[in-house]
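Undergrad: So you can see what is in the structure, the chains are spelled out below.
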Amino acid sequence: MKTEIIDTIKKDFQENILEESISYNEIYLTVKKESIVKLCDRIYYHFDLPLVSIFATDERNINGFFKIHYVFSIDKNDAFIILRINVDGKNPGYPSITYKIAAANWYEREMQDMFGLVPQGHPDPRRLMNFEDWPDGVHPLRKDFDIRTKPPRVNGEYIYRHVDGEGVYEIPVGPVHAGVIEPGHFRFSVAGEPIINLEIRHFYTHKGVEKLFENISIDKAVFLSERISGDNSVAHAVAFCQAMEKIAGVNVPPRARFIRTILLELERIYNHLGDIAGIATDVAFAFGAAHANKLKEEVLQLNERVTGSRMLRGMNAIGGVRRDIGDKKDEILQKLSIIQRDFRKLMENFTSTPSLMDRIETTGRIYPDTAKGLHVVGPSGRASGLDRDTRRDHPYAAYPEFNFKVPVLKAGDVLSRTIVRADEICESVALIEQALWALPERETRVNVEKIPDGHAFGYTESPRGETIYWVRTIGNRIDRCKVRDPSFCNWLAIEYAVLDNIVPDFPIINKSLSLSYSGNDM
Amino acid sequence: MTVEDEIEIMGQRMNDKIRKIFGRSLHIREVDAGSCNACEVEVNSLSNPIYDIERFGLHIVASPRHADMLLVTGSVTRNMELALLKTYNATPSPKLVAAMGSCACNGGIFGETYASGGGVDKFIPVDVYIPGCPPRPQAVIFGIMVVLDKLEQKIGKKEV
Ligand code: SF4
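Chains as they are written, first to last, in the numbering used here: chain C, 938 to 1459; chain G, 99 to 258.
You may find that some hints are simply not true.
[To be verified] One side only, chain G facing chain C, incomplete, derived with CB under 8 Å:
no. : residue
1   : V101
2   : V129
3   : S133
4   : A136
5   : V141
6   : G172
7   : S173
8   : M178
9   : A181
10  : T185
11  : I207
12  : F208
13  : A213
14  : R234
Hints are computed from structural coordinates only; laboratory data are not their basis.
Since the structure is predicted, the reported quantities are computational estimates derived from the model, not experimental observations.
In this text, a Cβ means the ideal position worked out from N, Cα and C, and glycines have one as well.
Let the hints inform the model, and build the full structure from the sequences given.
TA: Next comes the structure, spelled out in structure tokens:
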């Protein structure tokens, strides 16, 4: 399939392709700016390849251009096609593809804020992370912007979408919420009980992470990646390390790959348990919530005993893992079998409680075509019929050596998302068992002294879904690190999921999508 | 000693203090001022059946107007600064503030950048710093006890 796609594109768009290069499983095609809409359209609709990321780089000091990268994934062949266009540094406009491919929406707005690249024809060109009190012309990811600059605050106004009509009123919520959750703003338009429009506004926790990557040493960068979305520490760190290892050309020792797999699955288990507990809390099923929370706490304590950190931090390093966990094998196996037994009982209880099922069945539906159009990833995507899982489609760590199922459902409601997670927990336990039983001998890390110049992707399936890093190194430093957290794709889906649902069901829908604010805002 | 025993002992001591100072319970409002969300995971852990801080008189409330104390996480991003100030202003006295996690203490790994403020005490007065990334639930409980000690001293001085 891969060669077929490349050949067809090359044949049909011959005069538009300026340059072609291949590294690892990444095929880069530099094309003319004017042809980008047509090319994306062809790849996205004709070959049916998902658009997994768009990002820019500032190369003005080398060639006077910004470069924009459009990343498509060929799931069947474990490959990526990256289209690149050059945008003139002095006249930074380029054609927007959002009106054709909805999934491009936030990426283009992000590049507008971070690089000052103007998507011509974007249907909603409002600012995203640069709030209304940021002055014009502040573009932090440009190379000539100093990370310590403190832009002054100016007066400005953010215009929300407005719904008119008899009896329609607005409910603003946030950024500081009633529960212990991260900050974000939600604006509901309701008529009576049902929600007729929801507009989300985020990026309150924008911390400048991508800029920070360019300003710290590579060793420290691993720790930074662990702190992009705190409860997905391992997935982020492994994705980052894998990108660096690809650039450095190191082969991670088998034992380290197995240990990474175990850590990734432990992370999935505690996150999914937390989400199920959250859903139970929000439907006032206190018994289930307490049980699921207790199980989650048990995994967190197991994490601490095994790795020294409840969030499994500090384990990953470029070239492998910092610590061996082989001596904890029996403890992990024993604990997980108890947890799994209790969890099965809990789920039986869950699905046989009619008052609970009534609340979550058909609630917060994301239809398969919406999910596909917005590129919803992870369990939320799989609950809406999207059969994608990075562990299977772009295998990494030790996943190629194990058997596991990828649960997929079609209904796209809160119930399906709960069931997908519950099934995934059981798969994760089985994966950890397989990995522990087959743990290969010997070393857990190769030393990587210096990273050569280069660029590469690193990716994992975090508990929330596909997590993608693109890193470019120059002179043993990070020149650009693009992080695509799964929540960046999934957030917009909530605007569709809540439609026609009642306001009191919003927390359940939100919880069932398990969205990270920090990973989204960065 | 198991975690459960540890918590039981700490909790009882705290409960005595809270009774003495606040009569019955201490109300806490958590504010995420730009954390990575792991600190929130640990705050939520405080309410799970293992720690269950409510039984010691600690109550996490929905509004700053009901709170005696703010538990602030995160390095105070530029975009959250205003919301943090508003929350602080809405809190009635004694307006205790605990900075939870390395980010809240001094900016942590995010430090001071164009988007990150670098520590809560640059924006509002902080009574106690709870280090850790994230701090374990035990550390958070310990930190809250230190705040209570401080308040006790303050009240003592006023009476003299
Ligand atoms: S202190 Fe650590 S865990 Fe807490 S918000 Fe900061 S980075 Fe996250």
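Undergrad: So, for every hint listed, does it hold in this structure?
TA: Going down the list of hints, with the structure as the test:
1. Interface restraint check for G:V101: the shortest CB-CB distance to chain C comes to about 7 Å, inside 8 Å, so the restraint holds.
2. Below 8 Å, beta-carbon pairs count as interface contacts, and G:V129 has one with chain C at about 6 Å; its hint therefore holds.
3. A hinted interface residue such as G:S133 counts as satisfied when its beta carbon comes closer than 8 Å to some beta carbon of chain C; here the least separation is about 7 Å, so the hint holds.
4. Using the Cβ-Cβ criterion of 8 Å, the hint placing G:A136 at the interface with chain C is satisfied: the shortest such distance is roughly 3 Å.
5. A cut of 8 Å between beta carbons decides the hint on G:V141: the least distance to chain C is about 5 Å, and the hint holds.
6. The restraint placing G:G172 at the interface with chain C holds, with a minimum CB-CB distance near 7 Å, inside the 8 Å limit.
7. Evaluation of the G:S173 hint against chain C yields a held restraint, the C-beta minimum of about 7 Å falling below 8 Å.
8. Residue-level restraint check for G:M178 holds (minimum Cβ-Cβ distance to chain C is 5 Å; threshold 8 Å).
9. Annotation: interface hint on G:A181 holds; nearest CB of chain C at approximately 5 Å, less than 8 Å.
10. For G:T185, the shortest C-beta to C-beta distance to chain C is roughly 5 Å, which falls under 8 Å, so the interface hint holds.
11. With a cut of 8 Å, the hint placing G:I207 at the interface with chain C holds, because the nearest CB-to-CB distance is about 6 Å.
12. For G:F208, the suggested interface contact is upheld, since its CB lies about 5 Å from the closest CB of chain C, less than 8 Å.
13. For G:A213, the shortest C-beta to C-beta distance to chain C is roughly 4 Å, which falls under 8 Å, so the interface hint holds.
14. Against a cut-off of 8 Å between C-beta atoms, the interface hint on G:R234 holds, since the closest Cβ of chain C lies about 7 Å away.
Of the numbered hints stated above, none is contradicted by the structure.
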